[in-house]
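4 protein chains.
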Amino acid sequence: MKTINVALIGYKFMGRAHSNAYRQAAAFFDLPAKPVLKVLVGRDQAAAQQVADQFGWEEVATDWRQVVERCDVDLIDIASPGNTHRDIALAAAQCGKHILCEKPLANTLEEAKAMWYAAEEANVVNMVNFNYRRTPAVALAKQMIEAGEIGEIRQWRSAYLQDWIIDPAFPLVWRLQSAISGSGALGDIGAHSLDLARYLVGEIEAVTSLTKTFITERPLATATTGLSATGGSTRGPVTVDDAAIWLAKFAGGAIGTFEATRMAPGRRNYNHFEISGSKGSLGFNFERMNELEFYRHDDPAGRQGWRTIQATEPSHPYVSAWWPAGHGLGYEHTFTHAVADLCKAIAEGGKASPDFADGAKTQAVLEAILRSAKSGAWEKTSMA
Amino acid sequence: MKTINVALIGYKFMGRAHSNAYRQAAAFFDLPAKPVLKVLVGRDQAAAQQVADQFGWEEVATDWRQVVERCDVDLIDIASPGNTHRDIALAAAQCGKHILCEKPLANTLEEAKAMWYAAEEANVVNMVNFNYRRTPAVALAKQMIEAGEIGEIRQWRSAYLQDWIIDPAFPLVWRLQSAISGSGALGDIGAHSLDLARYLVGEIEAVTSLTKTFITERPLATATTGLSATGGSTRGPVTVDDAAIWLAKFAGGAIGTFEATRMAPGRRNYNHFEISGSKGSLGFNFERMNELEFYRHDDPAGRQGWRTIQATEPSHPYVSAWWPAGHGLGYEHTFTHAVADLCKAIAEGGKASPDFADGAKTQAVLEAILRSAKSGAWEKTSMA
Amino acid sequence: MKTINVALIGYKFMGRAHSNAYRQAAAFFDLPAKPVLKVLVGRDQAAAQQVADQFGWEEVATDWRQVVERCDVDLIDIASPGNTHRDIALAAAQCGKHILCEKPLANTLEEAKAMWYAAEEANVVNMVNFNYRRTPAVALAKQMIEAGEIGEIRQWRSAYLQDWIIDPAFPLVWRLQSAISGSGALGDIGAHSLDLARYLVGEIEAVTSLTKTFITERPLATATTGLSATGGSTRGPVTVDDAAIWLAKFAGGAIGTFEATRMAPGRRNYNHFEISGSKGSLGFNFERMNELEFYRHDDPAGRQGWRTIQATEPSHPYVSAWWPAGHGLGYEHTFTHAVADLCKAIAEGGKASPDFADGAKTQAVLEAILRSAKSGAWEKTSMA
Amino acid sequence: MKTINVALIGYKFMGRAHSNAYRQAAAFFDLPAKPVLKVLVGRDQAAAQQVADQFGWEEVATDWRQVVERCDVDLIDIASPGNTHRDIALAAAQCGKHILCEKPLANTLEEAKAMWYAAEEANVVNMVNFNYRRTPAVALAKQMIEAGEIGEIRQWRSAYLQDWIIDPAFPLVWRLQSAISGSGALGDIGAHSLDLARYLVGEIEAVTSLTKTFITERPLATATTGLSATGGSTRGPVTVDDAAIWLAKFAGGAIGTFEATRMAPGRRNYNHFEISGSKGSLGFNFERMNELEFYRHDDPAGRQGWRTIQATEPSHPYVSAWWPAGHGLGYEHTFTHAVADLCKAIAEGGKASPDFADGAKTQAVLEAILRSAKSGAWEKTSMA
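In order, the protein sequence lines correspond to chains A, B, C and D. For the first sequence, this note's numbering begins at 4 and goes up steadily by one. For the second sequence, this note's numbering begins at 4 and goes up steadily by one. For the third sequence, this note's numbering begins at 4 and goes up steadily by one. For the fourth sequence, this note's numbering begins at 4 and goes up steadily by one.
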C-alpha cells in the first residue's frame with residue numbers, strides 16, 4: 004500500500020491532536036495512501052520524545068530545517084506558533100514537500116501570500132487546518148446550502164466565545180503576545196469564524212471593527228501545559244486583543260456580524276453561527292458539535308420549527324466511518340477528517356481544501372479588521 | 004379609592020395590549036390608584052367601538068385633540084404609529100396630562116426631544132413603553148447586575164430576530180414605510196435592544212452600523228389585521244431597513260454587537276441578549292421569556308455551568324402578583340407591569356421609568372446608527 | 004347580548020385563576036354568551052371580598068348552599084378542595100345549574116360517579132377543569148394526532164414533577180391531608196397526566212403502581228397563602244403520597260409510564276409527556292408551555308430531527324385570539340380557554356369537554372392506581 | 004514497559020470499538036501496562052483480517068478455543084453475541100486469563116453466575132463493559148453523589164430510547180432473536196440503565212414490569228453491517244421485546260421508573276436519566292454526552308436553576324487525558340476509559356469495576372423483569 008511519510012513540527016496541544024489524527028485516519032477511513040508517523044519535531048527533545056512514544060512516532064528531531072530536507076519525508080505538518088509558519092512552509096515547498104499548516108496560516112498577510120505562492124510554485128498539496136469545517140454538522144450545512152435548502156443567504160451571525168483568560172491572574176502565555184501569535188481572540192478563534200463564513204457564505208468584501216483588551220497587564224508565564232499555565236510575580240503587557248467584533252459585507256450581498264472573545268464567562272468553546280437564508284436557516288454551536296439546527300420555511304404552516312438534526316447519521320459527511328446514529332463524535336475527529344481528506348488529495352494528485360490561498364484570503368480579512376480597528380472606517384479586504 | 008382616568012389612542016395590536024394592561028393591573032397588583040378605562044380613541048369609530056366593548060372602555064372617540072383637552076382624563080396613552088407621537092404628546096403635556104407613549108418615542112430625535120422637554124416643563128409623569136424591561140427575567144437581570152453578581156460588564160451581544168416579512172408577497176404595511184414608522188427593524192425592534200442595553204449596561208457613546216433592505220419592492224397592502232396583511236397587485240418601494248447591524252462603545256468601557264432583523268427564518272420574536280461580565284454572565288431570549296440564563300464564575304471549579312433560572316419565583320420582580328413558581332407568564336404581562344408601575348408613579352407623584360428622556364436618548368442612538376449607515380464611520384450618539 | 008351569571012366557590016389559587024378567566028374570555032374571544040361575575044363564595048367573607056373587589060365580582064357570599072339555589076345564577080364553578088366537590092355539584096345539578104368543577108372531579112370514584120350521573124340527569128352542561136388540555140401546544144398535539152401525523156400511538160411517557168415540598172419544614176397544608184385532598188401528588192398532578200393521556204392516547208385499561216411518602220411527618224400549618232405556608236412546632240402525619248409511579252396498558256394497545264411527584268428538586272411545574280407513534284413523536288413540557296416538540300419519521304433521511312414548534316401561530320388552537328406569533332401565553336390563559344369553550348357550550352346547548360364522565364373515568368384510574376399500590380398487582384380501571 | 008497481550012473475539016460494531024480503545028488508551032493515558040493488540044478472532048477470516056489491518060492487530064484467528072489457550076495472551080475480550088459469552092469466559096478463566104466481557108454479561112442469570120464464579124475462582128481480573136459509566140459526565144455524577152451533593156437519593160427516572168427498528172421492513176437481525184441475544188431492548192439497552200442505576204443509586208430489590216413487541220414479524224436478514232441490515236422476502240417471528248418498562252424499589256428506599264425501547268421515533272441513542280435527591284438533582288442524556296445537568300437546592304432563593312455543566316474540565320474524570328475545556332469527547336472514548344482502567348487493574352493486581360458480580364446482579368434484575376412481565380406481580384431480584 005502507498006504511504007505518506009509525515010514530519011510533524013510541534014508536540015503540544017495541536018501536536019497531540021495532529022498525531023492522533025494520523026493514527027486514526029487509516030484505522031477508520033479507507034485511504035488510498037496511509038500516513039506514516041515518521042518524525043516528530045520539537046525543540047525540547049525529551050518532551051517531544053514522550054509524545055512520540057505515546058503516539059508511535061518513529062523518531063524525534065529538534066531541528067525542523069534538517070527534517071524538511073529529508074528525502075524520506077513526504078508531508079510537513081506545521082503545528083507550531085504562527086510566527087514560525089512562513090519559514091517552515093517556504094523551506095518545505097522548496098524541498099517539494101506537501102504541507103499541512105495550522106491556522107491562522109501566518110501572522111501577516113504578507114507572510115501568508117508568500118506561503119501561498121511558494122506552495123503553488125512548488126506544486127505541492129497544501130492545506131490550512133481550519134478543522135471546524137470538518138465537523139460533520141458543518142460539512143452537512145455546506146451540503147444543504149449548496150443544494151439550495153435555505154435559499155439565497157442574507158445574513159450571517161457568529162460568536163466564537165471562550166473564557167479561559169477571564170481571571171486577571173492568568174499569565175501572559177504566547178497566545179497573548181502579538182509578536183508570537185499575531186493577534187489575540189481575533190486570529191486564534193475569529194479566524195475560524197471567518198473561515199466558516201467564507202466556506203458557507205462566500206468572500207467578504209469589507210469590514211468595520213472594534214477590538215478591545217480588557218486586562219492590559221498579566222503575570223509572566225512560568226510554566227505552560229496545553230492551554231493551562233502558571234504565572235509568576237513579574238508582569239508584562241498584553242499585546243493582543245481580548246475581544247474583537249466586526250460587521251461584514253459579503254460579495255454576494257449578504258451581511259454579517261462577528262464576535263471573537265476570550266472574555267465570555269461560561270463559554271468554554273462556543274463556536275457558534277446562525278445563517279439566515281431566503282428559504283430557511285441553519286445554526287451550529289461547537290459545544291454541541293453533533294447537532295445542526297435547521298429551519299425550513301417551506302414546511303407546512305403550523306408545523307414549522309427549528310429542528311435539531313443529530314449529525315450522526317451514516318448519510319452525513321464523514322460519519323459512516325465511525326459509529327451508528329446517535330453515537331456522537333468528539334473534538335479530535337475533525338482533525339482525523341482533515342488528515343483523511345489530505346491523504347486522499349496527496350495520493351490522487353488533487354487539491355486540498357481549504358488551501359493556502361484560502362488561508363491567505365482569511366488573513367486578508369484579519370488584516371482589514373485590524374486596519375479598521377485603527378481607522379474606524381470600513382476597510383476593503385484587499386489582497387494587495 | 005383614587006382613580007386615574009385613561010384615554011388610549013390606538014386600538015389595534017398595541018391598543019389591545021394596553022387595554023388589557025389597564026384591566027389587569029388593578030386585578031393583580033395592589034395599586035395606590037386604579038386606572039379607569041375612560042375613552043378609546045380611533046379614527047375608525049366602528050372598529051374602535053368593538054375593541055372598546057371587548058375591554059370595557061366607557062366611551063369611544065375619533066378625534067384625539069378633543070379627548071386630550073377633556074378635564075375628566077388624567078392620562079393620555081399614545082399607541083398610534085410613530086409619526087403621530089409628537090403632536091399628541093405635546094398637546095397632552097400642554098393640557099397637563101400624564102403620558103404613556105409607545106416606543107420608539109418618536110420618528111426623529113428632534114421630535115423626541117420636543118416631547119421630552121414638553122413633558123418636563125409640564126411636570127407630568129411620562130413614560131415610554133419599552134415593555135421588555137418589565138419581563139420578570141429582565142428585571143431580575145437588572146437586580147443581579149446592580150448587586151454586582153456578574154461584576155463589571157465587558158460585553159453585550161444582542162440579536163432581535165423576526166421573520167414575518169421574509170415572504171416577498173407580504174405587503175407594504177405601514178411598518179415598512181419610513182414616512183409613518185421612521186425606520187424598519189431598527190426602530191421597531193432594534194429600539195427595544197437599545198433600551199435593554201441602556202437599562203442593563205449603560206449609555207452608548209458611539210456606533211458604527213450597516214442597514215440593508217433585501218426586498219426593495221412589495222405589493223401595496225389592501226387589508227391589515229394586527230401584523231398580518233394582504234397585498235394587491237400594485238407594488239411600491241420599501242423605504243425602511245429589513246435588517247440593521249451595529250457595533251457600539253458604551254460609556255462605561257463595555258463593547259457591544261447588535262442586530263435587528265425581520266429576515267431571520269424561524270425566529271418569530273427572538274429578542275435575545277447575552278451579557279459578559281468580569282464575574283459572570285446573563286442571557287435572555289423573549290421566546291423563552293420565563294427563563295433567565297445565569298453563569299457564575301465563582302461557582303466551585305468543576306461545578307460551573309450556565310443555569311436556567313425560571314423567573315417565576317415569588318421573590319422575582321412582579322411575580323408575587325401572579326401564580327406559584329413554574330406557572331409562567333405571557334407577553335401581555337409586560338404591559339400590565341408597565342401600567343402598574345405607571346399608576347404608582349402617578350399616584351405617588353414619582354417619576355416613571357423609562358421616561359421621555361430615556362426615549363430621547365434611545366432615539367439619539369437610533370439616529371447615530373442611521374447616520375453611520377450612510378457615512379460608514381463611527382458616529383457619536385449626540386443629543387444635539 | 005346573552006349572558007351567563009357565574010357563582011364561583013373558592014377564592015384562593017384556583018379562585019383567582021377562575022376569576023381572571025371569566026374576565027378575560029369575553030375580552031379576547033368572540034363569545035355567544037358573556038360570563039357575568041355574579042357572586043364569589045368563600046367562608047372567610049373579608050378575604051373573599053378582597054378578591055371580589057380585585058376581579059370585579061358583584062357580590063360575595065359565605066354559604067354556597069344559598070347561592071346554588073339563586074335563580075339569578077346560571078353556572079356554579081367549584082374551585083374548593085376535593086372533599087367539597089360532590090355535595091356542591093349535586094346541589095347545583097338539582098337546581099339545574101351548569102357546572103364547572105376543578106380537578107380531580109372528586110376524592111373517590113363513588114363521589115365522581117354520583118356527580119356525573121347527577122349532571123347527566125339534570126341535563127346541565129358539565130365540565131371538569133383539566134386546564135392543561137387547553138394549552139395551545141397540547142391542543143395542537145391533539146389535532147396532529149387526529150390527523151395521523153404521528154401514526155398509531157405505541158408509547159406514552161410522562162413525568163409531572165414539582166418540588167414545593169422537598170423541605171421537611173414545609174407544613175402540613177390541606178393538600179397533604181388525604182381526608183381533604185384524597186391523595187397527594189397522584190390526584191393533584193398525576194390526575195392531569197392521566198387526563199392528558201386519555202385525551203391524546205385513549206382509555207387506560209389497567210395499571211400497576213407504587214406510591215411513596217418520603218417525609219412522613221410535618222409541622223402543622225399555621226398560615227397559608229396560595230401554595231406557600233408557614234408551619235408551627237406541632238407536627239402531624241402526612242397522609243398522602245409524595246410520589247406515585249405507575250405503568251399502564253391502554254385499550255388501543257399502547258403502553259405507558261407515568262410519574263407524579265412533588266419531590267423532584269428543580270422541577271417547579273414540569274408537566275412533561277412524550278408520545279411515540281409509528282410515524283413520529285410529540286413532546287411537551289409545561290415549563291415551556293409555548294413549545295411543542297415534533298419529530299416526523301417521514302422527513303427525508305439526513306434531515307430528520309426533533310423540531311420545536313412555537314405554538315404561537317394564529318393557526319394554532321386558541322392563539323388567534325391573542326398576539327402575533329412568538330408572543331407567548333402564560334399559565335392563566337389555559338383557564339381562559341376553558342371558560343371560552345364552556346360559555347360556547349352553554350350558549351349553544353352543546354357538551355363541554357372534558358365532562359364529568361371524563362372526570363369519573365380519570366377517577367377510576369386514580370383508584371386503580373391506589374388499589375395497585377396496595378395489592379402489588381395489575382388492577383383494571385373498572386368503573387364499577 | 005509491562006505489556007498486556009490482548010485477544011479480542013468479535014470484530015463488528017463492538018469489535019471495532021474495543022480495537023480502537025486498546026490503541027487509544029496507551030496514547031492518551033499514562034498506563035502502568037500497555038495493551039498489545041495480539042490477536043483478533045472472527046469466524047469470517049477475511050472480514051476479521053480487514054479490521055485487524057485497520058487497527059493493527061498482529062494476527063487473526065478463527066477459533067477462539069485455541070486462542071484462549073495460548074500462553075502469549077493475557078486478556079480475553081469477549082465482544083461477540085450474548086449466547087457465546089459463557090463458554091468463552093469459562094474457558095478463559097480456566098486458562099487463567101483476565102477477561103473483559105461486553106454487556107449484558109450473559110443471556111441468563113445462570114450463565115452469568117457461572118461466569119462470575121469461574122472468574123472469581125480463577126482469581127483473574129474480570130470486567131463487564133457497561134461503558135456508559137465511563138462517560139465523564141456520568142463518572143462526575145458518581146463523584147457528586149458520593150460527596151453528598153444531592154443528598155439522599157429518592158427517585159430515579161430513566162428512559163433509554165432508540166428508533167432503529169421502527170420501520171417494519173427492518174430485518175430480523177440477531178439482536179431481534181432471543182436465542183442469540185436473550186432479550187430485546189431490555190437486555191441491550193435496558194441493561195445499561197440498570198447498570199447506571201446500580202452504580203449511582205444502589206441495589207434494586209424488586210421490580211414490576213411490562214414488555215411489548217409491536218412488530219411481531221420481520222423479513223429475515225440477508226446482509227448486516229453494524230446496526231444496518233437488509234431484509235429479504237421471507238419473514239420470521241420477532242422473539243424479543245421492542246420495549247420494556249418497569250418500576251423498581253431500591254434497597255436504600257428510593258423508587259424508580261425505567262424504560263427501554265427501540266420504538267421511539269427521533270431518539271437515536273437517548274440514554275437518559277434524572278435523579279432526585281433530598282438536596283438536589285442530576286440529569287444526563289447520552290446524545291449530549293459532554294453535559295451533566297445539576298440542580299442544587301441550597302443555591303440562594305431566586306438564583307436556583309438547573310445548570311449545564313460541560314463535563315469537559317480537566318478536573319472531571321478522565322478529561323485531563325484529552326483536550327482543553329469545551330472540546331468534547333465522543334462515544335468511543337467511553338471504551339478507551341474502560342480499557343485504561345482495566346489495564347491499571349491488571350497491572351496493579353486490583354479489581355475492575357463493574358466486574359462479573361455486577362454483571363450477574365444486573366442479570367438477576369433483568370430476569371426479575373422478565374418474570375414480572377409474565378406474572379404481572381412484583382418480583383424480587385433474587386440471585387438464587
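Be aware that a few hints might be false.
No distinction is drawn between identical chains; accordingly, a pair holds when it is met within one copy or between any pair of copies.
Unchecked claim - Below, in silico cross-link-like pairs of lysine-lysine (BS3-like), each with a Cα-Cα straight-line distance of 27 Å or less:
| hint | residue 1 | residue 2 |
| --- | --- | --- |
| 1 | 37 | 377 |
| 2 | 377 | 15 |
| 3 | 215 | 282 |
| 4 | 145 | 377 |
| 5 | 215 | 145 |
| 6 | 37 | 252 |
| 7 | 5 | 354 |
| 8 | 377 | 215 |
| 9 | 377 | 354 |
In short, the hints are calculated from the structure, not lab data.
Each hint, compared with the structure:
Taking identical chains as interchangeable, the C-alpha atoms of residue 37 and residue 377 are never at most 27 Å apart, the minima being 47 Å within one chain and 55 Å between chains. With identical chains, the CA atoms of residue 377 and residue 15 are never at most 27 Å apart, being 34 Å at best within one copy and 48 Å at best between copies. In this homomeric assembly, residue 215 and residue 282 come within 27 Å of each other (Cα to Cα) only across copies, at 18 Å, whereas the closest approach inside a single copy is 36 Å. Proximity of residue 145 to residue 377 under the C-alpha cut-off of 27 Å is found in neither arrangement, the shortest distances being 34 Å within a copy and 33 Å between copies.
Within a single copy, residue 215 and residue 145 get their C-alpha atoms only as close as 32 Å, which misses the 27 Å cut-off; across copies the closest is 25 Å, which meets it. When the C-alpha separation of residue 37 and residue 252 is checked against a cutoff of 27 Å, the pair qualifies neither within a copy, at 42 Å, nor between copies, at 52 Å. In this assembly of identical chains, the alpha carbons of residue 5 and residue 354 lie at most 27 Å apart only when taken from the same copy (18 Å versus 44 Å across copies). Proximity of residue 377 to residue 215 under the C-alpha cut-off of 27 Å is found in both arrangements, the shortest distances being 11 Å within a copy and 25 Å between copies.
Taking the shortest Cα distances, residue 377 and residue 354 never come within 27 Å of each other, neither inside one copy (37 Å) nor across copies (42 Å).
The structure fails to meet hints 1, 2, 4, 6 and 9 from the earlier list, while all remaining hints are met.
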